Amino acid sequence: MKRFFDKELENFRSHLVLMGETAVGLVRQATQSLLDGDLSLADQVAAADDELDKLEIKIDEEAVRYMNLRSPVATELRLIIVGMKASHDLERVGDETTNIVRRVGRLTAEPRLKTDTDLDPYSELARMTSIAVEMLRDALECFLQVDADKALAVCKRDVEVDAINKRLYRDMTRLMVERPATVTTALELMFVSKSLERIADHATNIAEEMIYLAKGQDVRHSDETKNPNLA
Amino acid sequence: MDSSPLPPPSAPAASVSVPAGAAASAEAALIDVKGLSFSYGDSSALHGINLKIPERRVTAFIGPSGCGKSTLLRCLNRMNDLIDGARVTAGDIRIRGVDIYQPDVDVIELRKRVGMVFQKSNPFPKSIYENITYGLRLQGVGNKGQLDEVVERSLRGAALWDEVKDRLHTSGLGLSGGQQQRLCIARAIAVEPEIILMDEPCSALDPIATAKVEELIHELKSKFTIVIVTHNMQQAARCSDRTAFFYLGKLIEYAETQTIFMNPSNPQTEAYVSGRFG
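Those protein sequences? They're chains A and B, same order as listed. Just so we're aligned: 1226 in the working numbering is position 230 of the first sequence, and the numbers increase by one with no gaps anywhere. Just so we're aligned: 785 in the working numbering is position 98 of the second sequence, and the numbers increase by one with no gaps anywhere.
Don't read these hints as lab results, they were simulated from the structure. Model, not experiment: these values are computed from the prediction. Fair warning: there could be bad hints in the mix.
Looking from chain A toward chain B, a few residues come up when the C-beta cut is under 10 angstroms (computed) [said to hold, decoys possible]:
| # | residue |
| --- | --- |
| 1 | M997 |
| 2 | R999 |
| 3 | K1003 |
| 4 | S1067 |
| 5 | P1068 |
| 6 | L1073 |
| 7 | R1074 |
| 8 | D1116 |
| 9 | S1119 |
| 10 | V1179 |
| 11 | K1211 |
| 12 | G1212 |
| 13 | Q1213 |
| 14 | R1216 |
Here are the in silico distance ranges between beta carbons for each label pair [as the list claims (entries may be wrong)]:
| # | chain 1 | residue 1 | chain 2 | residue 2 | range |
| --- | --- | --- | --- | --- | --- |
| 15 | B | A891 | A | E1004 | 25 to 33 angstroms |
| 16 | B | G753 | A | E1047 | 36 to 44 angstroms |
| 17 | A | K1211 | B | G864 | 58 to 66 angstroms |
For every residue, glycine included, the Cβ atom is placed at its ideal position computed from N, Cα and C.
Bound-form chain A, shown alone (with noise of 0.2 angstroms):
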C-alpha cells in the first residue's frame, strides 16, 4: 500500500545515491589528478569534500526525522539503519580522496618514481582505483536492487585491493632503502596506497551494510565475506 510519506523514503534514497556517486566521482578524479599532476583538479575534489559532509549531514536528518515521525519496522527500518551508516562511509570516502589530493603538490614537485622492479607504482594506484571504484558503485547497485549476493561478491574483492597495497608498501619500502632519494616521493605514495587500501574498505563496509538490508543478517567480521582463494 502506497503511503503518503512514501516520497520521503525516495528522497532518502535519492540522497544517499547522490552521495554514493560524488564519492566515486572524487576518487577517479583524486588518482587522476595525481597520475596527471594536474593541482587544480585536486583543488576541485579538495573543496567537492564539503559537498559529501552536507549530504551526510542532510541523510543523519531525514534518517532520524523517519524514525521519530514514521515508526518504521523490518526492511525500512533496515534501510534508514543501513543508510546511515553507508553515508558516513562515504563520508570518510571523501576524507580519503582529500588526503590523496594533499599529496599531489608534493609528488609533482618531485621527479617521478621509476622502479628497476616490473612493478610501476602508478599503474598500480590506478589499478586499486579502478577495483575500488567498482567496489563503491557496485555497492550502491545492491542499495538500489536490494542484492545480498552481489553485495558479499563486493566484500571478496576487498582482498584484490589489499594485496596490491601490501605489494606496493613491500616495493616502496625496500626502494627507500636503496635509494634514499626516493624517500619523499616513496612515502608519499604509500600514504596513496593506504587511503585507496581505506577507500575499498569502506566500500565493503556498505556492501556489509547492503547484505544486512537484503537479509537481516550481520556478516561484519565474519567469514562469509572472506575471498577463500586470495586471503
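With chain A's structure known, arrange chain B on it following the hints.
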C-alpha cells in the same frame, strides 16, 4: 466427574512436546492449538490454526479486523460457547494436554483458570473491594482476613494498590479509565488463574494509562501466561515475547516478536507490521 478440567499448575508443563520445525519455540507449550477451525453458523472464522503458546510468556495476536484473532482468543476459555451457532468444526485446543472442548470439561472451572480482560473496562457497579472479592465469594470464601489479603495482593499485583488503598469501599466506577482497567486485571488475578487473555486492553486508554498496563503485563508474565490481542503494533512489539499474525482466519506467521518485527519471513506479515497492508 472431576470438577477440574486441567491438571494443577504444579504438574509438568511440558506434557506437550514441540515438534521440530513447529512455529513455537522449544519452550514448554502450555496451550496447544491443533488444526482448529471455527464457525459462526455458516460463516467460517478460523481455518486450521496450529499454534503452541509457551508458559509464562506474553503472546500477541495481531491482524486486521475480522482476521479471527479475537475469535481464537475467546476459544481459549470457551467464551464463544455463549454465542448461538458458534462452534469448533475441526481440531482441538489443549491446555496442559487436556482437550478443553471435551464434554466433561467444567467450563466455569476452565474460565477460572483462564481469566479474561476486555477492551472496555467492565468493573461491577460495586465497591473496589467487592469487585476483587466477587469471584472468591462465589467460590465460598468468606473469611475476611483471607479476602483482605487477596484484595491487597491483587491490587498490588495490578499496580493499583497505592492509588486506591484509602478508598477500597468506594465504587469501582468512580475510578479513571486506566484505573478501571487495572481493577479488572486485579479482579482477574484475584482468583489466581494460570492464563490471562486480554482483548485490546489498552484501546480505550490514554498513553499514560497504556504505559501502566504495559508495565503491568511485563510484571505479570513472571506468574501468568498472557495472550493479548492488539491493534497497536508498537504495543505488540514492546510487550510480547511471541507474535502471531492472522489474516482471513488463517495464521500467516508465528514467531519470536523480534523476528516478526525485524525480519518477518512472510511478505504479508511485513506489509502489515509496516502499516502497508491493503
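Okay, the hints, checked on the actual structure:
no., hint, result
1, M997, "holds (5 angstroms)"
2, R999, "holds (6 angstroms)"
3, K1003, "violated (14 angstroms)"
4, S1067, "holds (7 angstroms)"
5, P1068, "holds (7 angstroms)"
6, L1073, "holds (8 angstroms)"
7, R1074, "holds (8 angstroms)"
8, D1116, "violated (48 angstroms)"
9, S1119, "violated (45 angstroms)"
10, V1179, "violated (53 angstroms)"
11, K1211, "holds (8 angstroms)"
12, G1212, "holds (4 angstroms)"
13, Q1213, "holds (8 angstroms)"
14, R1216, "violated (17 angstroms)"
15, A891(B) - E1004(A): 25 to 33 angstroms, "holds (32 angstroms)"
16, G753(B) - E1047(A): 36 to 44 angstroms, "violated (52 angstroms)"
17, K1211(A) - G864(B): 58 to 66 angstroms, "violated (44 angstroms)"
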